[in-house]
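Colleague: With the hints as extra help, turn the sequences into a complete structure.
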Amino acid sequence: RPLLLYCRTGVRSVLAAHALQRMGFTRVVSMAGGFTDWKLVGGEVDETPPPSPFA
Numbered sequence: 027r028p029l030l031l032y033c034r035t036g037v038r039s040v041l042a043a044h045a046l047q048r049m050g051f052t053r054v055v056s057m058a059g060g061f062t063d064w065k066l067v068g069g070e071v072d073e074t075p076p077p078s079p080f081a
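Residues in the sequence shown are numbered from 27 upward in steps of one, following this note's numbering.
Honestly, the hints are just simulated from the structure, not real lab data. The reader is advised that the hints may include incorrect statements.
What the hints assert, rightly or not - Label-pair ranges, simulated between beta-carbon atoms:
1. Gly69 - Arg27: 21 to 27 Å
2. Arg48 - Pro79: 21 to 27 Å
3. Thr74 - Leu30: 18 to 24 Å
4. Pro28 - Phe61: 15 to 21 Å
5. Pro75 - Arg34: 28 to 34 Å
6. Leu41 - Glu70: 37 to 43 Å
7. Val67 - Arg38: 29 to 35 Å
8. Gln47 - Pro79: 25 to 31 Å
9. Gly68 - Val37: 30 to 36 Å
10. Ala42 - Pro76: 22 to 28 Å
11. Leu66 - Ala42: 37 to 43 Å
Beta carbons are placed, not taken as given, at the ideal position from N, Cα and C, and that holds for glycine.
Modeller: Listed below in structure tokens is the structure:
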């Protein structure tokens, strides 16, 4: 099963992907540019706030 990793800028997810590959995971990719670039190019984002646990 493939793993797609992402973080805000793409730096930490690359480091995490490399660490997972060293542990034997073979289908790991990091989203270049991270979540910031995803939003800049118009990627779909659900910004609905989570439900309050006290509602």
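Colleague: If a hint holds in the structure, say so; if it doesn't, say that too.
Modeller: Each hint, compared with the structure:
{"no.": "1", "hint": "Gly69 - Arg27: 21 to 27 Å", "verdict": "holds, 22 Å"}
{"no.": "2", "hint": "Arg48 - Pro79: 21 to 27 Å", "verdict": "violated, 38 Å"}
{"no.": "3", "hint": "Thr74 - Leu30: 18 to 24 Å", "verdict": "holds, 21 Å"}
{"no.": "4", "hint": "Pro28 - Phe61: 15 to 21 Å", "verdict": "holds, 19 Å"}
{"no.": "5", "hint": "Pro75 - Arg34: 28 to 34 Å", "verdict": "violated, 19 Å"}
{"no.": "6", "hint": "Leu41 - Glu70: 37 to 43 Å", "verdict": "violated, 26 Å"}
{"no.": "7", "hint": "Val67 - Arg38: 29 to 35 Å", "verdict": "violated, 20 Å"}
{"no.": "8", "hint": "Gln47 - Pro79: 25 to 31 Å", "verdict": "violated, 37 Å"}
{"no.": "9", "hint": "Gly68 - Val37: 30 to 36 Å", "verdict": "violated, 22 Å"}
{"no.": "10", "hint": "Ala42 - Pro76: 22 to 28 Å", "verdict": "holds, 24 Å"}
{"no.": "11", "hint": "Leu66 - Ala42: 37 to 43 Å", "verdict": "violated, 22 Å"}
The structure is inconsistent with the numbered hints 2, 5, 6, 7, 8, 9 and 11, although it conforms to all the rest.
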